[in-house]
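Asker: Take a look at the letters that make up each chain.
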Amino acid sequence: MSDADEKNEPSTRSVTVTEGEPGPSDWSEFRAQMREWREGVERVLPPWWSRALAATLIVIGIVLPFLFSADSGFLNATIIAVAYAVMSLGLNIVVGFAGLLDLGYVAFYALGAYTLGWFGSGFFYKAHLHVLVSPVASTLPGIHLNFLLILVAAAAICALAGMLIGLPTLRLRGDYIAIVTLAFGEIIGVVAVNGTSVHLGGGMTLTAGNLGISAVDSPYFPGIGLFNELDLRPWYWLIFGILLLVLFVNLRLRDSRLGRAWVALREDEVAAVSMGIPLVRTKLMAYSIGAAFGGMSGAFFGTYFTVVNASQFQFGFSIFILGMVIIGGLGSIWGAVAGGLLLGYINYYLIPDVLNSLPSKIGLNFQLTEIEFGIYGFLLVIMMILRPQGLIPERRRRLELTGRVSATDSELGEPSAISTLELAE
Amino acid sequence: MSATTVSPPEAAAMEVDHVVKAFGGLVAVNDVSLDIPRHAIISLIGPNGAGKTTLFNMLTGLYKPTSGRILFGEREITRTRPDIITKLGVARTFQNIRLFGAMTALENVIVGRHARMRTGVFGAILRPPWVRREEREVQERARELLKFVGLRENSFDRLASQLPYGDQRRVEIARALASEPSLLLLDEPTAGMNPYESEALAQFMRRMRDELNLTILLIEHDMKVVMGVSERVTVLDHGHKIAEGPPAEVRADPAVIEAYLGKQG
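So the sequences go chain by chain: P and B.
Residue numbering for the first sequence follows the numbering used here, beginning at 12 and increasing consecutively.
Residue numbering for the second sequence follows the numbering used here, beginning at 21 and increasing consecutively.
This is chain P alone, in the form it adopts within the complex (with noise of 0.2 angstroms):
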């Protein structure tokens, strides 16, 4: 038994002693079993059944799209609900790893999807480049680069915009940093909107605002050929490769010096630099490869519906993103792709296309897409009452929330707003 543990009965017993049924106790009875069952378990497998699991999953996974018709409303919902698992995996580095709470994520969506915008289709027509794209749009005016490229120019773009957008929360910490990244989310927006206004000579703009920059480019490969709405294998294949890259950098960076020092930065600020961590480098670290992954899946997001519109970046897509990151478990990678995955499906398939006429047929005169948010916001409660940690809580977490002792400030008894450290100049 542990101290946490011991800690932490006095205050469950008293429940059970009022109520005579389930309580409490009985929950951390059977979490505590499930613990036991899953470390006995994990003690039985050969050390080599994780990888067998990664293996079938992947093989699940590539063949899944075969099980459905190839224009399915299903591979549809999946599509964007892995795109969605590939966001919740970016923010997942900079607020379950390094704990700096960002509620401005939607800013690399919308810098992701722009980058595709702008070097995917006509919006620049004065300018004629073409790299390694489809015969058709070879032939017309604008940017018209291939989709790899626009991948690695949306993460490149988004990890200096992250670096930028994190810079002046440094000297910040908790809510602080959430109201800054809210206002970067919020210019994005803004920018987003009044770029039509911004004039970058010979009658271009910077966005098309509301409007939308449209007929942006499919993704082409050579031997695969053009992708198209009626086919949607090679888009979901293609998300999914982009989710495996993502899954493996975010495994890779977790368990290495660099993961840690987000972690140990995350439970102790003034601890973790005094072990020698560099704030300022670790915590923009963070920041831009968070950012980067945001930006694939928005340029993914931006060919996939085919326009880029100023109307979708909105901040409610930030919250919607660290619903999933909370939902399904702080700072654990499975965590954060089944999230993605719920919430995508939620979003795109049993609400508008299984549940949406519930209502109607008792006799309500609403459709649920109405209060999708609602529903969201429901999720998110019932959720912190009966698993607070998520759906698949991370290795560190799991016993957390069973009373554990937070390091406090009192010893520097500085501001609770600035970081205690006095960064150098």
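These are calculated hints, taken from the structure and not from any lab test.
Each statement offered as a hint is correct.
Every beta carbon over 10 angstroms from chain B, so not counted as near; a handful from chain P, in silico:
1. Gln44
2. Asp82
3. Leu171
4. Phe232
5. Asn320
6. Glu383
In silico contact screen, one side only, chain P against chain B (beta carbon under 7 angstroms); selected entries:
7. Val260
8. Arg263
9. Leu269
10. Arg271
11. Glu278
12. Ala282
13. Gly287
Selected chain P positions facing chain B (in silico; Cβ < 7 angstroms):
14. Leu264
15. Ser267
16. Arg268
17. Ala275
18. Asp279
19. Val284
20. Ser285
21. Met286
22. Ile288
23. Pro289
Note that the Cβ used here is the ideal one computed from N, Cα and C, for glycine as well.
Let chain P serve as the given structure and place chain B on it in line with the hints.
Answerer: Quick look at chain B alone, frame taken from chain P:
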């Protein structure tokens, strides 16, 4: 280390030169100078609020002094970033234990080795053989250190926040040692320990000094430990240095007695 830093034994490991730290109107440390000879165990004592921890925070770079200079060996570190000071060879523990609660004991010590590792982003993602080797070595070293400070092996993979208090103190020392310091700053390491444990820790300090070739600066309230282990004692009161010298001498100093017990009559 280059040949020039092989100094005669009397050269100081750290030199604090007329350091002042003011928080607004409050002067927490006022014109304190301090020499820490190599391979010595020096104690810093004083009543609560005397400025001991503030001084520690300046020595490790968490605070920048308002004025004055701090030298580590021959290098000035007055305004150097804390992580760089750690890399130069200064490590510390904290008065209120500041372990990374959600990490295991072993991981805590591994983080302590951050400054001695060189894996970057791309190294972490691609994980070439040298990165694997570095990971293996740091794991081994962390285990050795945890054994050295006397943590039982079945506690290595427990979360730091779930370890008993005494073990947390041990892990914190192991974490500090992981950065391979030449100067170790211990902020009230015996706080909350019984006399037996305190004595054991005092013994251990001597052992660390000798086996790891350390210089130790110690903030301590337990006079038995201070008198037993330190070669020299510096006394702070209200931010001023009021006495300095061998333990027996300092104990008899009227100014020190006054600071602790108040003025008579």
